[in-house]
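Please construct the entire structure, taking both the sequences and the accompanying hints into account.
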Amino acid sequence: MQNTQALMTYKEAITQAQKEEMERDQSVILIGEDLTLHGNTELIDTFDKKRLRSTPVSENSLTGMGVGAAMSGLRPIVDLTVASFVYLASDPIINQAAKQRYMTGGQTQVPIVFRIWMYYDDTGNGAQHTDRPYAMFMNSPGLKIIVPSTASDMKGLLKSAIRDNDPVLIFEDLKLWDDKELVFNDPNFLIPIGKADIKRPGSDLTLVSIGACLNIALSAAEKLDIEGISVEVIDPRTLVPMDRDAILSSIAKTGRLVIVENAHRTNGASAEIAAFVSDQGFHNLKAPIQRITTPDIHIPACAQLEKQLYPTEGDILRIIRGLIQKTGRF
Amino acid sequence: MKLTIEKRLEMYRKMVTIRYFEEAVKHEEIMGHLCIGQEATHVGACMPLKHTDLITAYHRSHGHSIAKGAPLRGLMAELMGKTTGCCKGRGGTLHLIDKASGILATSAIVGGGIPLALGAGLSMDNRRTDHVSVCFFGDGASNQGTFHESINMAALWKLPVIFFCDNNRYSMSTSLKNAAGQTDVAMHARGYNIPGIIVDGQDVEAVYKVTYNAVQRARKGHGPTLIEAKTYRFEEHSMGMEVPMPYRSQDEIQRYKSFCDPIALYKTFLLSHFTDEKSLSKIEREEKKAINDAVNFSKKSDYPPLKSVSEHMHSDPLVELSFSREML
Numbered sequence: 132m133q134n135t136q137a138l139m140t141y142k143e144a145i146t147q148a149q150k151e152e153m154e155r156d157q158s159v160i161l162i163g164e165d166l167t168l169h170g171n172t173e174l175i176d177t178f179d180k181k182r183l184r185s186t187p188v189s190e191n192s193l194t195g196m197g198v199g200a201a202m203s204g205l206r207p208i209v210d211l212t213v214a215s216f217v218y219l220a221s222d223p224i225i226n227q228a229a230k231q232r233y234m235t236g237g238q239t240q241v242p243i244v245f246r247i248w249m250y251y252d253d254t255g256n257g258a259q260h261t262d263r264p265y266a267m268f269m270n271s272p273g274l275k276i277i278v279p280s281t282a283s284d285m286k287g288l289l290k291s292a293i294r295d296n297d298p299v300l301i302f303e304d305l306k307l308w309d310d311k312e313l314v315f316n317d318p319n320f321l322i323p324i325g326k327a328d329i330k331r332p333g334s335d336l337t338l339v340s341i342g343a344c345l346n347i348a349l350s351a352a353e354k355l356d357i358e359g360i361s362v363e364v365i366d367p368r369t370l371v372p373m374d375r376d377a378i379l380s381s382i383a384k385t386g387r388l389v390i391v392e393n394a395h396r397t398n399g400a401s402a403e404i405a406a407f408v409s410d411q412g413f414h415n416l417k418a419p420i421q422r423i424t425t426p427d428i429h430i431p432a433c434a435q436l437e438k439q440l441y442p443t444e445g446d447i448l449r450i451i452r453g454l455i456q457k458t459g460r461f
Numbered sequence: 009m010k011l012t013i014e015k016r017l018e019m020y021r022k023m024v025t026i027r028y029f030e031e032a033v034k035h036e037e038i039m040g041h042l043c044i045g046q047e048a049t050h051v052g053a054c055m056p057l058k059h060t061d062l063i064t065a066y067h068r069s070h071g072h073s074i075a076k077g078a079p080l081r082g083l084m085a086e087l088m089g090k091t092t093g094c095c096k097g098r099g100g101t102l103h104l105i106d107k108a109s110g111i112l113a114t115s116a117i118v119g120g121g122i123p124l125a126l127g128a129g130l131s132m133d134n135r136r137t138d139h140v141s142v143c144f145f146g147d148g149a150s151n152q153g154t155f156h157e158s159i160n161m162a163a164l165w166k167l168p169v170i171f172f173c174d175n176n177r178y179s180m181s182t183s184l185k186n187a188a189g190q191t192d193v194a195m196h197a198r199g200y201n202i203p204g205i206i207v208d209g210q211d212v213e214a215v216y217k218v219t220y221n222a223v224q225r226a227r228k229g230h231g232p233t234l235i236e237a238k239t240y241r242f243e244e245h246s247m248g249m250e251v252p253m254p255y256r257s258q259d260e261i262q263r264y265k266s267f268c269d270p271i272a273l274y275k276t277f278l279l280s281h282f283t284d285e286k287s288l289s290k291i292e293r294e295e296k297k298a299i300n301d302a303v304n305f306s307k308k309s310d311y312p313p314l315k316s317v318s319e320h321m322h323s324d325p326l327v328e329l330s331f332s333r334e335m336l
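In order, the protein sequences belong to chains L and Z. Heads up: the first sequence runs through residues 132 to 461, numbered per the numbering used here. Heads up: the second sequence runs through residues 9 to 336, numbered per the numbering used here.
It is worth saying that the hints were derived from the structure and are not from the lab. Some hints could be false.
Claimed, not checked - With a cut-off of at most 25 Å between alpha-carbon atoms, the simulated PhoX-like pairs for lysine-lysine come out as follows:
id	chain 1	residue 1	chain 2	residue 2
1	L	K150	L	K311
2	Z	K228	L	K181
3	Z	K228	L	K180
4	Z	K166	Z	K228
5	L	K330	L	K142
6	Z	K166	L	K180
7	L	K311	L	K142
8	L	K306	L	K330
9	L	K311	L	K330
10	Z	K166	L	K181
11	Z	K296	Z	K286
As the list claims (entries may be wrong) - For the chain L half of the interface with chain Z, some residues (derived, Cβ under 8 Å), not all of them:
id	residue
12	I160
13	K181
14	T186
15	S189
16	N191
17	M196
18	G199
19	A200
20	M202
21	L205
22	D222
23	Q227
24	M234
25	Q238
26	Q240
27	N296
All residues carry an ideal CB built from backbone N, CA and C; glycine is no exception.
See below:
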């Protein structure tokens, strides 16, 4: 394996992962609307146009088309762009991609990746552009769901997703597009789906951070460290199948759990994590589980108002300090 | 293209197989969506296809599966929910898939199979094969967005997809004249700049000829065709479905049964020009026997055990296990 690394942004990692996989395997193709606009120009310059289908505005059928192609010899990547548009595609994702293997008794495989971007912070785009709906798809069996938070995780996970023989939804955080990191150049550098990552080890409290919350989670953990509170930051990276053992092992060590995500509160990924930890890790808990989320309120177009709805570093500091104060350090 | 006597007898055989199969389903009172009356449409359309050509269908797919060559034992066992079924009891009447015969998928979501067929066409085009993708759908599906979106894309890229509408005039209880301003589904082809052809769905040779031409067109890279076969289903939408308010008259059903039975019509045609009663009776006996064998086989087969219920959820058995650990 090549050990050389390159400094790469999250966005470049997406292009690089797709390019490497398209070079490696002729059956990998990219389907989506406005491919030239959305960071795929390098791919358009490199590969045959039949492998890069820029489609009409037909989310339902372009997604179903990808599923049908996956069932008949190709390995499509379907770029659905803005997460709020995924609802139009949700029937072929849930009723076809997720179910065809099972309904056919294993005769069919659906090796497909659905790429979905999440906007948040101060976009000014309003409610129909700012959803983070991964939790809705978590409830549909038969799908794998990944939420990479760094350039390196993005590259390794997207490549694994493309090589996976099951349908994978990858939720990308646009806020992270310019975040740089050293990433392995090896074209076989893969990160396994279903494995969490301890982004910062600690011993007093487990902070599970989903997607772009990683930056505020790590900066909060640094500040708390100075105050003598040792926070272990875990990035699940995969929401389905979730690495429950990693989270439960951490709870066994720390006894306290806070989960932070940018999605709306009800039935979020944080709710699922809270549920299985209280079910399987209750005997280790010293304090109630806390979730820091966006409230169940639509995102207004006013950017100044919008950014106040999302979790902040201040929220994490406040919740953790409060938890430690109420329940004691030990 | 020329129909030899062998091909003709094969078509008759297949139509009769479908009819006996459906009658057995009725007799055994298994949940099913029967296609009695539509045999000529399904057989005529599948006859020009090779096993490498892929079809997608919909909730009423017993006829398509048999016409495409799926083994009868696997189909009947699947309807009974047995582990020996073609989908190991997981698909049932709505998903009678036999991959080896080239049945790609069926969709219980009306119109859901149409983009899948489009995708198969895309795959064939990308891999530069001369295979074709035939998309079967009903008149009801012609009002779904997926119908229009998919034809548009197939036409745009000249994909080898044949859009084949089994227009049996009713979508459950809704007649097409109460659902669409345009009751000739093939006319939609004009909007997408592709050929649209209407054919008598009760005439198996007419269906064969029209489909054959569309298949050749697609194989040569000339793109999609929309075919509409006017047909009729003699039974209710699904087995045991209650109809509190009749949506079609008994008179109408009886007229179709008496004058438009595709098997009776073809039998008359074959007897007048090509063969004798003895040959056709032999075919009928053989297929009756094959159906009885399929029924007996299915009855003797076991149901899948509970511990196997999570199998085929994922490509990786370990992942399957991690999902089912809370259940087991």
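Hints and how they fare:
1. K150/L / K311/L: 19 Å, holds
2. K228/Z / K181/L: 17 Å, holds
3. K228/Z / K180/L: OK: K228/Z and K180/L at ~20 Å, within 25 Å.
4. K166/Z / K228/Z: 10 Å, holds
5. K330/L / K142/L: 20 Å, holds
6. K166/Z / K180/L: Within the cut-off at roughly 14 Å; holds.
7. K311/L / K142/L: Holds, at roughly 9 Å.
8. K306/L / K330/L: Holds, at roughly 19 Å.
9. K311/L / K330/L: 16 Å, holds
10. K166/Z / K181/L: Cα-Cα ~12 Å, so holds.
11. K296/Z / K286/Z: 15 Å, holds
12. I160: Because about 6 Å separates I160/L from the closest Cβ in chain Z, which is inside the 8 Å limit, the hint holds.
13. K181: K181/L check passes; min Cβ-Cβ to chain Z is 5 Å, inside 8 Å.
14. T186: 7 Å, holds
15. S189: 4 Å, holds
16. N191: 6 Å, holds
17. M196: Holds, because the Cβ-Cβ distance from M196/L to chain Z comes to roughly 4 Å (cut-off 8 Å).
18. G199: 2 Å, holds
19. A200: At about 4 Å, which falls below the 8 Å cut-off, the nearest Cβ of chain Z leaves the hint on A200/L intact, so it holds.
20. M202: Because about 6 Å separates M202/L from the closest Cβ in chain Z, which is inside the 8 Å limit, the hint holds.
21. L205: 5 Å, holds
22. D222: OK, holds: D222/L within 8 Å of chain Z, min 6 Å.
23. Q227: Holds. Min distance 6 Å.
24. M234: Status holds, d = 5 Å.
25. Q238: 4 Å, holds
26. Q240: 6 Å, holds
27. N296: Nearest chain Z Cβ about 4 Å off; hint holds.
When each numbered hint is compared with the structure, no violation occurs for any of them.
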